[in-house]
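This is what each chain is made of:
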Amino acid sequence: DVVMTQSPLSLPVTLGQPASISCRSSQSLVHSDGNTYLSWFQQRPGQSPRRLIYRVSDRDSGVPDRFSGSGSGTDFTLKISGVEAEDVGVYYCMQGTHWPHTFGQGTKLEIK
Amino acid sequence: EVQVVESGGGLVQPGGSLRLSCAASGLTFNSYWMNWVRQAPGKGLEWVAKIKPDGNEKYYVDSVKGRFTISRDNAKNSLHLQMNSLRAEDTAIYYCVRSADYWGQGTLVTVSS
Chain A
1 DVVMTQSPLS LPVTLGQPAS ISCRSSQSLV HSDGNTYLSW FQQRPGQSPR
51 RLIYRVSDRD SGVPDRFSGS GSGTDFTLKI SGVEAEDVGV YYCMQGTHWP
101 HTFGQGTKLE IK
Chain B
1 EVQVVESGGG LVQPGGSLRL SCAASGLTFN SYWMNWVRQA PGKGLEWVAK
51 IKPDGNEKYY VDSVKGRFTI SRDNAKNSLH LQMNSLRAED TAIYYCVRSA
101 DYWGQGTLVT VSS
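Taken in order, these protein sequences are the chains called A and B.
So for the first sequence, the working numbering puts the first residue at 1; every next one is plus one.
So for the second sequence, the working numbering puts the first residue at 1; every next one is plus one.
No lab work stands behind these hints: they were computed from the structure.
Incorrect hints may appear among the rest.
[Unchecked claim] Sample of chain B residues facing chain A (criterion: CB under 10 Å; computed from the structure):
(1) Lys43
(2) Gly44
(3) Val48
(4) Tyr59
(5) Tyr60
(6) Val97
(7) Gly106
Predicted model only: the values in this text are computed from it and were never measured.
All C-beta atoms in this analysis are idealised placements derived from N, C-alpha and C, irrespective of residue type, glycine included.
Between the sequences and the hints, there should be enough to build the whole structure, so can you do that?
Rendered as structure tokens:
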């Protein structure tokens, strides 16, 4: 199985400051169709996960543009340009290129 | 409005069975892969199974292979997960997910004596 490794696992951030989460995969996430199926999910306390980013850098509808995704191959990053109180929660990267699809361990973002 | 609603969770003894259901509305059901993803209490996410739009291809994570069966009824916009030979480690919230974008609120399955 593809192992997804996130860092950091805990991310205290001051309101308004930027935040960055790294995600590395144990093998390339480039699919045979040429796409890279790397997504980012946000899970607020007590809620279901919500997809923010798909195919590395495409933002889902309704997702604020302070969220951005980048990367290629095995190395990916989620950036939040200025953290707001509503961003508190756990963030997961997920690969949908190989079966079984696998998630990172999660990064807990909290306000400092 | 998009709605994905799971049902069928509950408390079951080890070795027992449960059938989860998912009712979807407000979205195009029969054109998308449908999935079950689970989350053990206080833990991360695990993709359990997925099924092709026409129902002819199904995939399972190794830990449930041979015990769980995913199925769908496109005429009724519904998805199911038959879970047999349940183990304590199957205890989790089970989410019904369309592709990867629409998630239900989840249904809790507890396997305990």
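Hints the structure violates: just list their numbers, smallest first.
none
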